[in-house]
Amino acid sequence: MRLLSVSTALVCLALFSGVNAEEKMSMSDADKAMYAEMLENNPADMDVVEGKELFNALTSQAVYGQMLGVKEKDLPSYIAGFPRFVKPAGKVVTLSQTLQMAAALGAKSVPKLESKEMLQMTAYLKSLANDQTTNIDVKANKQMQEMMKLGQEVFEERRGGRGLSCNSCHSPDVIGQRLRMQPLPDLGSKVNASAGTWPAYRMTKSETTLLDKRFQQCMDNALLAKIPLGSREMVALEVYITNKTKGNPSQIPGLKR
Amino acid sequence: MERRSFLKSFTAAAACVAVLPRMASAADEAKKVAGPNEMSYATALAAITGGKAVVESAKVKVEAPEIAENGAVVPVKVTVDSPMNEKEYVKAIHVLNTKNGNARCANIYLTPANGEAFFGTRIKLGGTQDVVAIAQMSDGTFLSAKQNVKVTIGGCG
Amino acid sequence: MKTLIKIKPKTYAVGDIVKIDFMAMHPMETGMRKDKDTGALIPANYIDEVKFLFNDTVITKMVIWESLSVNPLFTVSFKVPSVGTLKVIAKTNNGQSVESSESITPKG
Chain A
2 MRLLSVSTAL VCLALFSGVN AEEKMSMSDA DKAMYAEMLE NNPADMDVVE GKELFNALTS
62 QAVYGQMLGV KEKDLPSYIA GFPRFVKPAG KVVTLSQTLQ MAAALGAKSV PKLESKEMLQ
122 MTAYLKSLAN DQTTNIDVKA NKQMQEMMKL GQEVFEERRG GRGLSCNSCH SPDVIGQRLR
182 MQPLPDLGSK VNASAGTWPA YRMTKSETTL LDKRFQQCMD NALLAKIPLG SREMVALEVY
242 ITNKTKGNPS QIPGLKR
Chain B
65 MERRSFLKSF TAAAACVAVL PRMASAADEA KKVAGPNEMS YATALAAITG GKAVVESAKV
125 KVEAPEIAEN GAVVPVKVTV DSPMNEKEYV KAIHVLNTKN GNARCANIYL TPANGEAFFG
185 TRIKLGGTQD VVAIAQMSDG TFLSAKQNVK VTIGGCG
Chain C
13 MKTLIKIKPK TYAVGDIVKI DFMAMHPMET GMRKDKDTGA LIPANYIDEV KFLFNDTVIT
73 KMVIWESLSV NPLFTVSFKV PSVGTLKVIA KTNNGQSVES SESITPKG
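Protein chains in written order, with our numbering: chain A, 2 to 258; chain B, 65 to 221; chain C, 13 to 120.
Chain A with its partners taken away, still in its complex shape (with noise of 0.2 Å):
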C-alpha cells in the first residue's frame, strides 16, 4: 500500500492523495450530515415535477401499462426491475426506451436519449418505483442472460488511448482509494446504492443526469471510446452495473458531487 501511494505521488502528485491528505481532507460526520439533509431539497425534485407533466402530455400510466403488458397498480415493481426484455420491442431496453415507444405509439414526436424531456420523464417514471427493491433479473430469459454478459464484457474491455477500463477504476481492489481527492465510488455499494439513486443530481455539474449519461462522463473523463445511449453495449452496461445493487431500494432522484 505504501508502495503505491509512493508511486503514484511520482506520477502526478494531485491526483492520489497520500494518507495525511486523506485524513485532513475528509469530512466531519456534521459536515456530511449537512450534505444528507440536501436530499430534502434536491434540485432534481423539480425534474420528476416537470417529467410528470410531460409523461401525462405524451401518455397516461394506463396506457403506458397497456403497452407493456401491465397493470397499472403492478408498474412501480415492474419499473424497478428496468433494463429489461420487453415483449413489443423484442429486447432489453432501458426505461427511457419504453419512453420512446410509448411516444411512437401515440403517434407523437419521439424524444431523444439526449433531451431534457428524457431525462425529466424518466426521471418521474423511475420515482413510481421509488421504495421498492431494484429487481433486475439477470436471469429472467436468454435475452438478459446475453446482456448481463455482454455487459461485464464492456465493463472489463480497456478501450482507451491509455488502455482503461471501467475497471481499472471501479474493480473491488480499488474501491475506496482516492483519484484527485475523491473516494473511488463502489458501484455495488448496499448503502450508498448506485443504480439505485439515478438519474441524481450532480452537484459538480449543476444539472441532473441519467446513470446512462453518468458512465458516459466517466468515459469522457478516462479517455475511454463514448458508447452512444441507446446502444446494444450502453444497455448491457446498464444492466451489468444495475445488478451489482439488486436488493437496494430504489431512491431517487440522487444527489452525488
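Simulated from the structure, these hints should not be mistaken for laboratory data. The model shown is predicted, which means the values in this text are computed figures rather than measured ones. Warning: the hint list may mix true and false statements.
What the hints assert, rightly or not - In the BS3-like style, the derived pairs of lysine-lysine whose C-alpha atoms are separated by at most 25 Å in a straight line are: (1) Lys227(A) x Lys48(C); (2) Lys18(C) x Lys257(A); (3) Lys33(A) x Lys116(B); (4) Lys116(B) x Lys206(A); (5) Lys163(B) x Lys116(B); (6) Lys206(A) x Lys46(C); (7) Lys141(B) x Lys18(C); (8) Lys123(B) x Lys214(B); (9) Lys91(C) x Lys141(B).
With chain A fixed as given, assemble chains B and C onto it according to the hints.
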C-alpha cells in the same frame, strides 16, 4: 494482488493528467474577468452597517461545512437567537463571503411574522474562505458570526 | 422558470413555526463564465429578488446576488397565523419574474 492494484492505480492516475491542465486554465480565465457586481468584503460590510460596529456574537449561528465537497454547492444555514416579536426582532440577515469577486450573497429582510430568524441556502465559493452572517437587530445593533469553509477541488469521475 | 415550494413539516397547527423551502430552476449565471464553444462571455442572469407573502402581506424580502448556487434554494421560517395563501415572487436581474403559491392549511 498488491502489484495488480498498483498497476490499475497507475493507469488511472495517468488518465487524469489530461484532465488537469484544462481545468486549471478555465479557472484562471474566470479570475481575470471582473463580474458585474464586483465588491470587496470591506465595502460590502460598510454598505450594510454604515460604518457602525459589528459585534461577534454567540447569538448568531452560521452552519456551513468545514470542508465543502465542491465549491459550486455549499449549504449555508444562519440562525439568530431572537424572540421575533414587534418589540424585538431581527430586521435582516446578511450573508457574505470574504473572497469571491462579489462578497455579497444574500440580504434577507425579515419581519416578526417569520417567528424565527432563520435563512438557509446554497452558495458558490471560488476557493477556501469565510462565510459571514451579519444580523441587523431591531435596536440598530449589528451582530455577526462566521464559518471557514475549505473548498477542495478535484475528482476525476 | 420552474419553481417548487415545500412546507415542513407537512402537517402543522396555528402558532407552529414551519420552514418554507423555495427552489427555482435557474442557471444563476455570474456574467463571468465563458461559453465553452465560442469563448464569449455568458451574460449575467440571476435571481436578484425573492419575496415571500402571506395573504398578500410581505413576510420576507430577499435581495439576492449571483453567488448563490445554480437552481437555488431559499429557506425561511414562518409562524403560521391562520389559513391562507403563501405566495413567492422571484425576479431576475433581466426583469423576468415568476409567481408561485401554496395554500397554508393548519390542522386542528
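Verification of the supplied hints:
1. Among the hinted pairs, Lys227(A) with Lys48(C) is consistent with the structure: their alpha-carbon atoms are about 20 Å apart, no more than 25 Å.
2. At roughly 22 Å between alpha-carbon atoms, Lys18(C) and Lys257(A) fall within 25 Å of each other, so this suggested pair holds.
3. A hinted pair counts as satisfied when its Cα atoms are at most 25 Å apart, and Lys33(A) with Lys116(B) does not qualify at roughly 37 Å.
4. For the hint linking Lys116(B) to Lys206(A), the alpha-carbon distance of about 41 Å lies beyond 25 Å, and the restraint is violated.
5. Straight-line distance between C-alpha atoms of Lys163(B) and Lys116(B) comes to about 22 Å, which keeps the hinted pair within the 25 Å bound.
6. This hinted pair checks out: Lys206(A) and Lys46(C) have alpha carbons roughly 15 Å apart, not beyond 25 Å.
7. Distance restraint check for Lys141(B) and Lys18(C): the Cα-Cα separation of roughly 17 Å lies within the 25 Å cut-off, and the hinted pair is therefore satisfied.
8. Distance hint between Lys123(B) and Lys214(B) is fulfilled; the C-alpha atoms sit about 24 Å from each other, no more than 25 Å.
9. Distance check on the hinted pair: Lys91(C) and Lys141(B) sit about 18 Å apart at the alpha-carbon level, within 25 Å; holds.
Hint compliance for this structure: hints 3 and 4 are not met, and every other hint is.
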